[in-house]
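As you go down the protein sequences, you meet chains U and W in turn. Position 266 (the first sequence) corresponds to 266 in my numbering; numbering is contiguous. Position 172 (the second sequence) corresponds to 172 in my numbering; numbering is contiguous.
Misleading hints may appear alongside valid ones.
Said to hold, decoys possible - Once the Cα atoms are required to be at most 27 Å apart in a straight line, the calculated BS3-like pairs of lysine-lysine come out as: (1) U:Lys-287 x U:Lys-329; (2) W:Lys-181 x U:Lys-221; (3) U:Lys-364 x W:Lys-162; (4) U:Lys-213 x W:Lys-70; (5) W:Lys-32 x W:Lys-148; (6) U:Lys-9 x W:Lys-36; (7) W:Lys-70 x U:Lys-221; (8) U:Lys-364 x U:Lys-221; (9) W:Lys-32 x U:Lys-364; (10) W:Lys-128 x U:Lys-287; (11) U:Lys-281 x U:Lys-9; (12) U:Lys-366 x W:Lys-148; (13) W:Lys-162 x U:Lys-366; (14) W:Lys-70 x U:Lys-22; (15) W:Lys-181 x U:Lys-22; (16) W:Lys-148 x U:Lys-9; (17) U:Lys-22 x W:Lys-148; (18) U:Lys-281 x W:Lys-32; (19) W:Lys-36 x W:Lys-128; (20) U:Lys-9 x W:Lys-46; (21) U:Lys-364 x W:Lys-70; (22) W:Lys-36 x W:Lys-46; (23) W:Lys-32 x U:Lys-22; (24) U:Lys-9 x W:Lys-162; (25) U:Lys-9 x W:Lys-32; (26) W:Lys-181 x U:Lys-9; (27) U:Lys-221 x W:Lys-61; (28) W:Lys-61 x U:Lys-329; (29) U:Lys-9 x W:Lys-61.
As the list claims (entries may be wrong) - Which stretches of chain W does chain U cover? Using the computed rule of at least three CB atoms under 8 Å from a CB of chain U, they are: (30) 50-56; (31) 80-91; (32) 111-121; (33) 130-136; (34) 150-163.
Said to hold, decoys possible - Distance ranges between label pairs, derived from CB positions: (35) U:Asn-10 x W:Gly-159: 47 to 53 Å; (36) U:Ile-327 x W:Leu-19: 23 to 29 Å; (37) U:Thr-260 x W:Gln-93: 43 to 49 Å.
Honestly, the hints are just simulated from the structure, not real lab data. Bear in mind that the values here come from a model prediction, so they are computed numbers and not experimental data. From the three backbone atoms N, C-alpha and C, an ideal C-beta is built for every residue, glycine too.
Chain by chain, the residues run as shown.
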Amino acid sequence: MSRFEDQFKNAFDHFEPEVDPKLWQQISQQLPSVPQNPGVSGSAGTAGKGLVAQLGIKGIAALLTVATLTILGVNYLIQKDEKAVEKNSPALLNESTLSSDNSSSFALPSEQEKVQNEPVASSSQEINPSSEKTGNTSSENKIKLDQKITIENALTGDFNKEKGESTPRNDSPAPALVVKSNSVSVTKPVSSNSEGEFNNQTQPVAPIQKTVKPVLILSTKGGFAPLTVTALTNQEGNVNAVFDFGDGKSSMVGSTANNTFEEPGNYTVTCEINGITIEEKVTVFGKVPSAFSPNGDGINDVLTITKDASITIEIRIFNRNGKLMFIGKGNNISWDGTFEGRNADAGTYMYNIFATSDGEATFKQKGTINLFR
Amino acid sequence: MSLQRPLEMTDEQIHEAILREDASAQRLLYDKFARKMFGVCLRYIKQREEAEDLLQEGFIKVFQKISSYKAEGSLEGWIRRVMVNTALDHIRQQKMLWTDLSDIIEEGDEPVIGHEIGAAELMAELQKLPIGYKTVFNLYAIEGYTHKEIGILLGISEGTSKSQYSRARNQLMILVQELNKENSYTTK
Numbered sequence: 001m002s003r004f005e006d007q008f009k010n011a012f013d014h015f016e017p018e019v020d021p022k023l024w025q026q027i028s029q030q031l032p033s034v035p036q037n038p039g040v041s042g043s044a045g046t047a048g049k050g051l052v053a054q055l056g057i058k059g060i061a062a063l064l065t066v067a068t069l070t071i072l073g074v075n076y077l078i079q080k081d082e083k084a085v086e087k088n089s090p091a092l093l094n095e096s097t098l099s100s101d102n103s104s105s106f107a108l109p110s111e112q113e114k115v116q117n118e119p120v121a122s123s124s125q126e127i128n129p130s131s132e133k134t135g136n137t138s139s140e141n142k143i144k145l146d147q148k149i150t151i152e153n154a155l156t157g158d159f160n161k162e163k164g165e166s167t168p169r170n171d172s173p174a175p176a177l178v179v180k181s182n183s184v185s186v187t188k189p190v191s192s193n194s195e196g197e198f199n200n201q202t203q204p205v206a207p208i209q210k211t212v213k214p215v216l217i218l219s220t221k222g223g224f225a226p227l228t229v230t231a232l233t234n235q236e237g238n239v240n241a242v243f244d245f246g247d248g249k250s251s252m253v254g255s256t257a258n259n260t261f262e263e264p265g266n267y268t269v270t271c272e273i274n275g276i277t278i279e280e281k282v283t284v285f286g287k288v289p290s291a292f293s294p295n296g297d298g299i300n301d302v303l304t305i306t307k308d309a310s311i312t313i314e315i316r317i318f319n320r321n322g323k324l325m326f327i328g329k330g331n332n333i334s335w336d337g338t339f340e341g342r343n344a345d346a347g348t349y350m351y352n353i354f355a356t357s358d359g360e361a362t363f364k365q366k367g368t369i370n371l372f373r
Numbered sequence: 001m002s003l004q005r006p007l008e009m010t011d012e013q014i015h016e017a018i019l020r021e022d023a024s025a026q027r028l029l030y031d032k033f034a035r036k037m038f039g040v041c042l043r044y045i046k047q048r049e050e051a052e053d054l055l056q057e058g059f060i061k062v063f064q065k066i067s068s069y070k071a072e073g074s075l076e077g078w079i080r081r082v083m084v085n086t087a088l089d090h091i092r093q094q095k096m097l098w099t100d101l102s103d104i105i106e107e108g109d110e111p112v113i114g115h116e117i118g119a120a121e122l123m124a125e126l127q128k129l130p131i132g133y134k135t136v137f138n139l140y141a142i143e144g145y146t147h148k149e150i151g152i153l154l155g156i157s158e159g160t161s162k163s164q165y166s167r168a169r170n171q172l173m174i175l176v177q178e179l180n181k182e183n184s185y186t187t188k
């Protein structure tokens with residue numbers, strides 16, 4: 001018999017009441033760091049300040065030099081293969097517009113509004129009339145340094161030239177430069193020196209998107225069907241990755257993708273970014289049916305969980321009040337839809353799966369089952 | 001209204017993504033823990049609106065301080081501590097009545113909570129306790145703090161924490177026994 005306290009503790013472990021959706025909006029409005037937004041991420045965010053302190057002006061100058069050299073190097077390569085790049089670049093831009101739209105819908109409208117209100121954002125709109133279309137990232141001189149180094153639209157002025165637009169850079173405030181390294185971002189006006197270097201470029205330079213060491217991140221690598229997996233890359237912003245989940249469905253393009261695996265099996269998820277393909281494995285160990293109907297008609301009367309023998313699970317099924325209705329263990333798990341000898345009500349039930357393999361916890365999973373009568 | 005949360009990134013991945021300042025990661029973290037943490041808030045603060053304020057304040061602290069999380073314990077445990085501390089800040093503003101140890105509590109048989117009693121019902125019973133009892137019970141029985149830690153957190157002595165706890169426990173047992181009785185009548 002469990003102690004009195006444990007009974008409370010267990011009950012509250014599964015107590016997850018609905019939260020009013022408006023709360024997230026209120027929270028996100030007060031959050032200091034919002035990426036893709038130089039004004040906000042630079043002005044607030046203790047991590048950002050930390051980097052300034054650590055690097056100092058010299059460090060930033062050094063980063064700038066590295067970035068400039070990289071750009072010059074890439075630029076040289078581009079000159080060699082100019083036509084191909086010119087063909088590709090508008091497409092890159094358009095697709096990146098799409099992906100930044102996607103990410104902003106995933107983030108919040110309020111963040112968008114904030115962005116619009118930021119002085120930096122509005123000044124860059126003056127510089128580049130097309131920034132409304134391309135989003136804020138395209139008009140920033142934004143350089144990210146990480147294990148992955150992403151340089152995008154670094155040379156705004158030249159980029160504008162290519163698009164046949166005038167660039168009254170001297171009259172307008174210098175756009176912000178964002179240097180990102182792991183967890184930090186810094187906003188600093190571009191120094192006149194490096195800006196001069198940018199403007200001295202005689203050849204038009206296409207927006208550059210150079211990616212080093214892309215990594216594919218999956219929200220989960222194992223579980224029971226229906227298993228929804230979100231794939232994302234370690235790249236931020238204007239990422240055009242092609243995701244294929246290896247389950248026969250058509251591939252998806254964007255910065256993230258979602259897929260629900262419906263059947264058990266071993267899957268290879270691939271992600272192609274700028275010609276580099278990376279992959280991760282997903283194992284679906286079994287399947288929990290989404291519904292059953294214990295009404296004695298001989299069809300789906302019992303909820304049967306199929307699973308691979310390599311994995312040991314315990315499934316707990318709760319009703320909407322969080323009351324434990326069923327615990328299933330072993331190799332043949334099935335629930336007949338009764339609780340203490342009586343038929344459980346029709347409705348939605350929630351389950352938790354605790355999976356172990358060789359005695360070690362491998363994953364936890366939650367889901368819902370519909371009981372029909 | 002969706003019960004299913006498809007985004008089950010590991011805590012590590014979410015933590016890393018937040019440190020990279022990936023805005024969507026903040027959302028992922030929130031989606032993953034909001035409901036559970038709301039459950040925590042509701043145990044400390046009875047009023048739903050006040051608990052929502054608490055949740056909001058707690059999550060803002062979480063995002064502000066996430067760089068100080070050292071990935072030693074679980075991320076959930078860390079977030080929970082932030083929430084509990086935020087809750088205690090709220091509670092400290094209220095006046096808690098502490099009774100002294102001279103009241104001796106008779107230990108009764110530990111009631112077994114019926115299977116048909118869910119978290120929502122237990123929550124309702126817990127909320128019947130005076131705030132001092134309730135807070136100590138939450139901290140000791142659910143969150144697993146020691147009486148010494150609770151004493152420091154609430155600015156009371158270890159002995160007061162113990163006495164409050166045993167009173168809280170006793171009262172809860174009585175409430176649960178009543179609940180069990182009610183249930184056995186209604187189910188017959």
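Flag every earlier hint the structure violates by its number, smallest first. 2, 3, 5, 10, 11, 12, 13, 14, 15, 17, 27, 28, 31, 33, 34, 35 and 36
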